[in-house]
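Top line first, the protein sequences correspond to chains P and W. FYI, in the numbering used here the residues of the first sequence are 1 to 674. FYI, in the numbering used here the residues of the second sequence are 1 to 340.
Note that these hints are calculated values from the structure, not bench results. Hints should not be assumed to be uniformly reliable.
[Stated by the list, open to error] Facing chain W, according to a computed beta carbon distance under 10 Å, are these residues of chain P, among others:
| hint | residue |
| --- | --- |
| 1 | Leu258 |
| 2 | Gly259 |
| 3 | Val262 |
| 4 | Cys264 |
| 5 | Val273 |
| 6 | Pro276 |
| 7 | Arg279 |
| 8 | Glu280 |
[Stated by the list, open to error] On the chain W side, residues computed to face chain P include the following (Cβ under 8 Å):
| hint | residue |
| --- | --- |
| 9 | Arg74 |
| 10 | Ser77 |
| 11 | Leu79 |
| 12 | Ile103 |
| 13 | Arg106 |
| 14 | Arg107 |
| 15 | Met110 |
| 16 | Met112 |
| 17 | Phe114 |
| 18 | His116 |
| 19 | Ala118 |
| 20 | Pro121 |
| 21 | His122 |
| 22 | Phe131 |
| 23 | Pro132 |
| 24 | Ile135 |
Fair warning: this is a prediction, and the values are worked out from it, not measured in the lab. Where a beta carbon is used, it is the ideal one built from N, C-alpha and C, also for glycine.
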Amino acid sequence: MAMSGAPLLEPETAQVSRRPSRLPVAWLVAIAVFVTFWLYGKPLFPAAFDYPKAYVIKLAKWISSAMKWLINEASFGLFSFTDLTRFISAVLDVPYTLAASLLSTGFLEGSGSSAIQLLPPLPWIAVIGLVMLLGHWLGGMRLSLLAGGCFLFLAVFGQWTSAMITLASILVAAPLGVVFGLLFGVAAWRWHWVERMVMPLLDLMQTIPVFAYLVPVLFLFGFGPTAAVIATLIFATPPMTRISILSLRAVPSEITDLGHMVGCTERQMTWRVMVPAARESLMVGMNQVIMLSLNMVIIASMIGAGGLGFDVLAALRRLDFGAGLEAGFAIVALAIAMDRLSQAAAEKLSAPSPDTQASGLVARHPYLVAALALLIATTALGYVIPGIRTYPEALQLSTGTFWSEVVAWININYFDTLEAIKNAMLINVLIPFKRFLGDLPWLGVTVFLGFAGYRLGGWRLGLLTLCLPLFIAATGQWEKAMITVYLCGISALFASLIGIPVGIIAATRDRLWSWVQLAIDTLQTLPSFVYLMPAVMLFRVGDFTAMIAVVAFAIAPAIRYTALGIRKVDPKLIEASRAMGCTEWQILTRVRLKLALPEILLGLNQTIMFALSMLVITALVGTRDLGQEVYIALTKADTGRGLVAGLSIAAIAIIADRLISAGASRARHRLGLE
Amino acid sequence: MTIPEAKLVCRNVWKLFGAEAEEFLVSHDGHPDTDAIAAAGLVGAVRQVDLDVHEGEIFVIMGLSGSGKSTLVRLMSRLIEPTGGDVLFKGENLLKASQSRMIEIRRHQMGMVFQHFALLPHLTVLDNVAFPLDIQGMDRAAREARAREMIELVGLAGKESAFPRQLSGGQQQRVGIARSLAVEPEIWFLDEPFSALDPLIRREMQDEFMRLQTKLHKTIVFITHDFDEAIRLADRIAIMKDGEIVQAGTPEEIVLTPATSYVAEFTRNVARAKVIRTRSLMKDAQGDEENGARISARANIAEAAPLFLDGAPHLGVTDDDGRVIGRLDREAVVSLMLQG
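In isolation and in its complexed conformation, chain W is listed as follows:
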């Protein structure tokens, strides 16, 4: 497997709230422990975060309220100034970028979707979506054409002249999504985009989001407090607690080998069959798999299970090019399904 290029890298990123936090961090060589932070009267919102977000992946940061996940995503775009560490975006250290360089980067390479939509109440849907382009100084005809395209993309065609307050929550967030995509960002931040929506709408928006991603292949940082949502959408997940990342990995790794009891609390009720991929459960091929039914190594066990209904003892597991790379035994699937 080729290792994709890292688009966004956080190295030892800290955010401490309180007086003289920066001096404090320097005096502790950039690695103060919890007690020292408390003793200095500081609040560690984000502590010692190392992570890299790869080109084209959905990187989900999951944590409960107060875990620092919203602060972290704002450190990545420097909406909040980090107390220490480096944030590299395409190899450029954002923390060293000048004010005008930052404006340049945000205007053309970053997009963000907000939990409460952050639509400007005095602008129509069209003007809201065109707003980032207007700020860049694009002329009216060009920006409106682009905005209409985006509105079409998120399925809001016909609502161009409505005002935000006339739309439902789901529709408002579609506007937010269209707006953030209008500038064709290279990195797309979504800060709990669906948390303020009703469960049914949330589900629908998640599907919509996946549909967009298969089309657009953006590099995505997605914040959520909903573990199921994280499992559903993520290529990789980072779980945060008290400002620290307690575990990062694929949904599978996290469900199969939770690093701490805190993570295990989340994974306990997850149906493993929906998370674990056939690749992880397969055994070496024995040569007779060519004849029977086959399944992709990317599929999860829940998708593979129905293929055993006709009594086959095993399935052939294939890679992306259709070559058989292993076999999935009936017993292994049954025992996993029975575990829940």
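One chain only, chain P, in its complex shape:
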């Protein structure tokens, strides 16, 4: 291999510890000290068990007053901060109003109930037709039928108006998210200092729960669809930024050299060489942004996004399962259509298309012409036949009552069984674990985490894992944080207990794996809100319900990483083991699982991250953890309270992430995989 670029040798990597495994004395001592302190330390050091109130840092209050100052007094000379936020709102409102008018409300004159409709929205048939044309162009007949079917579902089941409002928000937020993400990514790629500023911010934003974004947005931009679009943008831009940085970095160094050798200026380098060369992976980012936007637009119904999310939310509040499930299904249909369409778009647009030699408008742009014709025809016909403009109500099916009856039936017939399961779990597992965590001394936990960080990743990590719990305790959130840890921990545990065996079983069976993969891919495209509905239906509100929803949401990465890890094991090794006469069981336990361990650990890591992000949303079903804190802050528009709780959740996520990553990387070193 040719030597290219800088060979950066890290002195440490060369001398990975190869010492024989011995008893982890340091760990045993640390655990013994911790347990002793926990059991006997309380009378001696009460402050180590309950964080002294006098020393609580009133961070929440400070942030809130800072926000108030921002709103009321901050000024940039020519204009005030409020002018700025109003300006942003006004700018974003233009495309949103346009999209919403086109898809849902029609163009209105005036406001409120006295508004007069100047132009009707696009006929439903036209929208379905456009989606089908798009599907056909991007991926052929099958995709066309799938996408059209999903949209038809929305119309038939009476979810059209809500779904179109949701779609309008996405149509505004997703392209902007892609553009901003790409710009940030390019800037970070081009200027090192930007990257150094952006990367930690991205890490933090990825771990702060989605709810926490909503609080400051609500405070600064008010309640309504525009604020929701802003929240969606803030949520969907960081992953695009990250993907942009990664894909620009993954461009082969020869391509960069080429750019320099032909004498590109910086600008030519970026837009003529790097971005086109990274097109394929950037397109993957586009798909992610669209799916994340959908997820966030649903959640942002809490700050007035309206649409399908609002329907679910309203149904949850009324405990109207039928309506909730219907809206939930509509979200699923929309999600599937958007996911498949954007995936096909990524594939289509990253492969170069040969020049068409055809002449004439129709031959060169058949899809465009067809779309225009469709629009004109349906709009014109819409004035004559109302059924074309809006889906006739007589033909709508409502399954709401059906689902309500199903739920009622389940509750009548299986109430005792379900209740028994729930209570058994609560009494035997959940509550004892919660008590156990609640009893632990904060100081002991903090020091122990610091020690674990130091042992796994050196003094830097140790310092981090010491300071973050300290932050949680010092801002007076220890108790709630422990409830979060308990719910998250127990959910991640169950998700792993189910997910890892499923992954193991599916990994070595190709056909089964392709089905499982399809299932978890689909599960992952669903907005997190959707998971709440069935859990609430069966178990009503409470910790157990929250746990079920979280497990359902967090199981996908556990399965995926386990299976991928096992499938990645070198087939030559399997062959060699078989040649040595290993039984299948031995191959699994002594070879496959051993070598897949780092992947499985990463899967665990992801499972915990997923669990935490879902946990916050389960605040809607009445948990009492940090997520609830954020939710309450949202209803009161209390930015400080929401942000501090959000940051604490982020702290928990970061601690778990860093400790497990350090452990996984040590495992990889030990196995000689790195």
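Given the coordinates of chain P, assemble chain W onto it according to the supplied hints.
Structure of chain W alone, referenced to chain P:
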């Protein structure tokens, strides 16, 4: 023999990777030894390189992976910033050139071919070849005409609207070559251009390359890890090891008098008859050579050998103008051939 003008000169060029490498180099008067570099925790990718590339010659830099040859060629075009030394291109010190001057030089005077082709996946063959001209701001008609000419030159006519992924490796590298020639560079860098190709295609591309060179007479810096390729193509070779040039000279000099045992390792299996030229083996003319068969002083012994088949005891050796300048004895040829 006239000494051709040096087109590109490297003087005491260094590339050290690591923290504060520049200060380190200055503090050691520009000549630190291996131990000092290691002690400072630096990595010497290219060390103390002096060489000059003459007008119109093929200068091959040969070395195994990690020897610093790819870094060296990137120092010559300043794709990588040298830690110390001078790189003179037509007498101008590139390391003192401003950013915009460098862009100017690269746009109009340098061309480079890459090991893995470095074709832009989203552009057609035509657009890829025209790309450097497009970057210069040339208008579409002119650049496409020039690109078509180049595509014709490398034998890819008819493939203009194909995309890189639709081409074989050899074809892709032809596109790379056409692209690098589109700007009519004065110096042509080829970084292991044929290493990623199958042996048969590699051979074919080497022939193609020689054909182009007899037509174009470019000044060429050619990087390779393949000693046979170096022998085959080079006017002069520099052999690199651990960032240093261990020997530089004509293929003949290197094969006949390897400077170190490391170089000897490479030359051991080379058929000398294919490297050594008649000029090196000839003796002074004795006056009777005019009548017998003759051979050019540039030919190698393997080419001369068949002429002895009819039993002649010696051949006349002629210079470029056809004058006899010496004689090649049968015994000398036989003993060289027998040595392998």
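- Task: Please write out, lowest number first, the hints stated earlier that are contradicted by the structure.
- Result: Of the numbered hints, all hold.
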